[in-house]
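S.K.: Spelled out, the chains give:
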Amino acid sequence: MRNAFADAFYDLAREDDRICLVVADITAAAGVASFQKEYPKRFVNVGVAEQMMISMCAGLALRGFIPFAYTIATFTIYRPFEQVRIDCCYQNLPVRLVGVGGGVSYSTLGGTHHAQEDIALMCALPNMSVLAPCDPLETAQVTRACISVPGPVYLRLGKAGEPTLTADAPDPFCFGKIRTIRPGTDVCILTYGPITKMAFDIAARLEHERSLGTSVVSVHSLKPLDEEGIRSVLSRFKTVVVIEEHAPYGGLGPRVKALAWDSGATCRLQTFALKDDFIHVYGTHLELLKAHGLDSETLFREIASIAS
Amino acid sequence: MSCAPEFAPMIVPNFSAIDVKARCKNYRRRILDISQTVGALHIAPSFSCLELVATCYFGLLKRGAHPDTTDTFILSKGHGSLAQFAVLEDLGIIPSDWLDHYCKPGWPLATHPDYGTPGIEASTGSLGHGLALAVGMAYGDKLRGLERTIFLVMSDGELQEGSVWEALMTAPSLGIRNLVALVDLNDFQSLGRTSITLPNFYPMLDKLQAFGWTATEVDGHDPEAIYAAVEGRDHNKPQVVLGRTIKGKGVSYMENVPVWHYRSPSPAEYQQALHEIEEVAL
Chain A
13 MRNAFADAFY
23 DLAREDDRIC
33 LVVADITAAA
43 GVASFQKEYP
53 KRFVNVGVAE
63 QMMISMCAGL
73 ALRGFIPFAY
83 TIATFTIYRP
93 FEQVRIDCCY
103 QNLPVRLVGV
113 GGGVSYSTLG
123 GTHHAQEDIA
133 LMCALPNMSV
143 LAPCDPLETA
153 QVTRACISVP
163 GPVYLRLGKA
173 GEPTLTADAP
183 DPFCFGKIRT
193 IRPGTDVCIL
203 TYGPITKMAF
213 DIAARLEHER
223 SLGTSVVSVH
233 SLKPLDEEGI
243 RSVLSRFKTV
253 VVIEEHAPYG
263 GLGPRVKALA
273 WDSGATCRLQ
283 TFALKDDFIH
293 VYGTHLELLK
303 AHGLDSETLF
313 REIASIAS
Chain B
3 MSCAPEFAPM
13 IVPNFSAIDV
23 KARCKNYRRR
33 ILDISQTVGA
43 LHIAPSFSCL
53 ELVATCYFGL
63 LKRGAHPDTT
73 DTFILSKGHG
83 SLAQFAVLED
93 LGIIPSDWLD
103 HYCKPGWPLA
113 THPDYGTPGI
123 EASTGSLGHG
133 LALAVGMAYG
143 DKLRGLERTI
153 FLVMSDGELQ
163 EGSVWEALMT
173 APSLGIRNLV
183 ALVDLNDFQS
193 LGRTSITLPN
203 FYPMLDKLQA
213 FGWTATEVDG
223 HDPEAIYAAV
233 EGRDHNKPQV
243 VLGRTIKGKG
253 VSYMENVPVW
263 HYRSPSPAEY
273 QQALHEIEEV
283 AL
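So the protein lines, in turn, are chains A and B. Counted from 1, the first sequence has number 22 at position 10 by our numbering; the numbering is strictly sequential. Counted from 1, the second sequence has number 213 at position 211 by our numbering; the numbering is strictly sequential.
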């Protein structure tokens, strides 16, 4: 994802001299290195000074630029939260806040580097758009699409090495709209971000072992949320589940439940999220998710039980 | 409600310290009048920075035929907004009925300046944002090859924010020159004297210089001294001007008395204040 973002960013920035990159001592991949080399003035490393990074981006936006702020998700939005809120959101400026390692993907770095409440915090801010692509292809599409968003955007990325999942997606990418990326008719899994790979694995097992046709839907835009699309899912499927790498409060799960209530949905609905707790387990990304109950085997059994 | 005028090149008289002082006298009267229409307002912080703000608008800011060639002013100590609003009214940038309805429902002016209001280049009110925003704006100007200067007025309490020091570190490191920060050095913050709250914060000049800025200290109520300090600056560096001021300047019972940070005078106090303002010789 990091590489896909960097490459898409590089292509965009070559064509549009309003695009700048301000980093706080963390850089992305080769694409950003090329950008830095070819357009050194439009690349600024403010050092380990995240408040400065965000305000600087807002200042650039006040002068007509489209700045991207880039660092690890916790430092993009938690450390300088008030700068995000006032400088970017209150003034409604086109700053793109890129958080790499959203969720708990920096698994061995510990709780200081886990962004497990980021969606809740960013969705709560007026004017903010919140985007969370599921694979490298969608990352490139989201990066390109966010250029034309008039206000601030939080772009939640994983890190590197996520597999491609959407090459054969039945639905094309459309900004602000949920998309079916794996077809199925019995169960629908709503998800976003790198955990979508787990949803794919679960869907395949449900189909092969339990004959449950399982659709996977990428909710790459948490805000604006495609409420109409989600209501349609809730009315078309007998079983709908949400899987998200996020705290249980303020993420996609509670939103879908609210939509189900408001629309009088009659489907079975279950949401799976991280626990309301910090993670004091170290290991791989998957091992951390498992510590909070988000593992392929457990979710497969639970969803199979709900759906049958 | 009157409409705000569109951008137009502004004609202001050549700088004259007497003219700025006379205007500040009018602004103090105007702010006192407004004080009688609201329950509370930042009267002392506004009186403290009036000469700094007015010297920018009526001396230091250069106006061009286009916004890109016009200097920028940001009131980073947003709670002094009445000082800026009084100037913007005087310049015809905001209509008088807007200020007549300060803090009233349905009208656009309130305690802190909001981006989008005519003449307001950034939303301020939370301290410690203005300087870093200005660094971003100045860097954008540098990328575009624009020579305009950004002026901002900050408070001394504001300098306690860590974000200010991030910006102080960054501006000279990025080669930014066209940035002048005027600090309203009234030695007060909400709960008391700044120099007693954090004595190790002083002296300030050498700290600022060590960060790569030119730094000068002047009488912050003396337009001539403020103007001379900025006009004579080293144009190869950003500049901080520490303007020594008196919080509540011009009204004896307000001067250096913390309660006037956010209190409206009673009718009798209002009359006394007006009387004292009238008596000040220019």
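These are calculated hints, taken from the structure and not from any lab test. Hints are supplied without guarantee of correctness; some may be wrong.
What the hints assert, rightly or not - In silico DSS-like pairs for lysine-lysine, Cα to Cα no more than 30 Å straight-line: (1) A:250 <-> A:209; (2) B:27 <-> A:53; (3) A:287 <-> A:171; (4) B:23 <-> B:64; (5) A:209 <-> A:302; (6) B:64 <-> B:27; (7) B:106 <-> A:53; (8) A:171 <-> A:250; (9) A:269 <-> A:189; (10) B:64 <-> B:144; (11) A:49 <-> B:239; (12) B:64 <-> A:49; (13) B:23 <-> A:53; (14) A:49 <-> A:171; (15) B:209 <-> A:53; (16) B:239 <-> B:23; (17) A:235 <-> A:189.
As the list claims (entries may be wrong) - Some but not every residue of chain A turned toward chain B, in silico, with C-beta under 7 Å: (18) 55; (19) 57; (20) 60; (21) 72; (22) 75; (23) 98; (24) 102; (25) 121; (26) 122; (27) 123; (28) 161.
Owing to the predicted nature of the structure, the values given are computational and were not obtained by experimental measurement. All C-beta atoms in this analysis are idealised placements derived from N, C-alpha and C, irrespective of residue type, glycine included.
S.K.: A separate judgement is required for each hint: does it hold in the structure or not?
M.R.: Outcome of the hint check:
Taking the CA atoms of residue 250 (chain A) and residue 209 (chain A), the gap is near 23 Å; set against the 30 Å cutoff, the hint holds. As the CA atoms of residue 27 (chain B) and residue 53 (chain A) are separated by approximately 45 Å, the hinted pair breaks the 30 Å bound. Distance hint between residue 287 (chain A) and residue 171 (chain A) is fulfilled; the C-alpha atoms sit about 22 Å from each other, no more than 30 Å. Pair hint residue 23 (chain B) plus residue 64 (chain B) holds up; C-alpha atoms about 20 Å apart against a cutoff of 30 Å.
About 14 Å separates the Cα atoms of residue 209 (chain A) and residue 302 (chain A), which keeps this hinted pair within 30 Å; it holds. Taking the CA atoms of residue 64 (chain B) and residue 27 (chain B), the gap is about 23 Å. The hint holds against a cut of 30 Å. Note on residue 106 (chain B) and residue 53 (chain A): the hinted pairing is violated, with a Cα-Cα distance of about 45 Å set against a maximum of 30 Å. For the hint linking residue 171 (chain A) to residue 250 (chain A), the alpha-carbon distance of about 34 Å lies beyond 30 Å, and the restraint is violated.
Taking the CA atoms of residue 269 (chain A) and residue 189 (chain A), the gap is near 18 Å; set against the 30 Å cutoff, the hint holds. Between residue 64 (chain B) and residue 144 (chain B) the alpha-carbon distance is near 17 Å, which keeps this suggested pair within the 30 Å criterion. A distance of roughly 26 Å separates the Cα atoms of residue 49 (chain A) and residue 239 (chain B); the hinted pair therefore holds under the 30 Å criterion. The hinted pair formed by residue 64 (chain B) and residue 49 (chain A) fails the criterion: a straight-line CA distance of about 36 Å is larger than 30 Å.
With a C-alpha separation of about 43 Å, the suggested pairing of residue 23 (chain B) with residue 53 (chain A) is violated against the 30 Å cut-off. For the hint linking residue 49 (chain A) to residue 171 (chain A), the alpha-carbon distance of about 23 Å falls within 30 Å, and the restraint holds. Only pairs whose Cα atoms come within 30 Å are accepted, and residue 209 (chain B) paired with residue 53 (chain A) is accepted, the gap being roughly 28 Å. A threshold of 30 Å between alpha carbons decides the hint, and for residue 239 (chain B) with residue 23 (chain B) the separation of about 29 Å falls inside it, so the pair holds.
The suggested pairing of residue 235 (chain A) with residue 189 (chain A) holds, with an alpha-carbon distance near 10 Å, which does not exceed 30 Å. Below 7 Å, beta-carbon pairs count as interface contacts, and residue 55 (chain A) has none with chain B, the closest being about 11 Å; its hint is therefore violated. With a cut of 7 Å, the hint placing residue 57 (chain A) at the interface with chain B is violated, because the nearest CB-to-CB distance is about 10 Å. The criterion of a C-beta within 7 Å of any C-beta in chain B is not met by residue 60 (chain A), whose closest approach is roughly 9 Å, and the hint is violated.
Restraint check, residue 72 (chain A) versus chain B: the minimum CB separation of about 5 Å is within 7 Å; hint holds. A hinted interface residue such as residue 75 (chain A) counts as satisfied when its beta carbon comes closer than 7 Å to some beta carbon of chain B; here the least separation is about 3 Å, so the hint holds. At about 6 Å, the closest approach between the beta carbon of residue 98 (chain A) and any beta carbon in chain B falls short of 7 Å, and the interface hint on this residue holds. For residue 102 (chain A), the suggested interface contact is upheld, since its CB lies about 5 Å from the closest CB of chain B, less than 7 Å.
Given the 7 Å rule on beta carbons, the hint for residue 121 (chain A) is violated: about 23 Å separates it from the nearest Cβ of chain B. Interface restraint check for residue 122 (chain A): the shortest CB-CB distance to chain B comes to about 24 Å, outside 7 Å, so the restraint is violated. A least Cβ separation of about 23 Å between residue 123 (chain A) and chain B goes past the 7 Å threshold, and the interface hint is therefore violated. With its C-beta approaching chain B no nearer than about 18 Å, residue 161 (chain A) sits outside the 7 Å limit, and its interface hint is violated.
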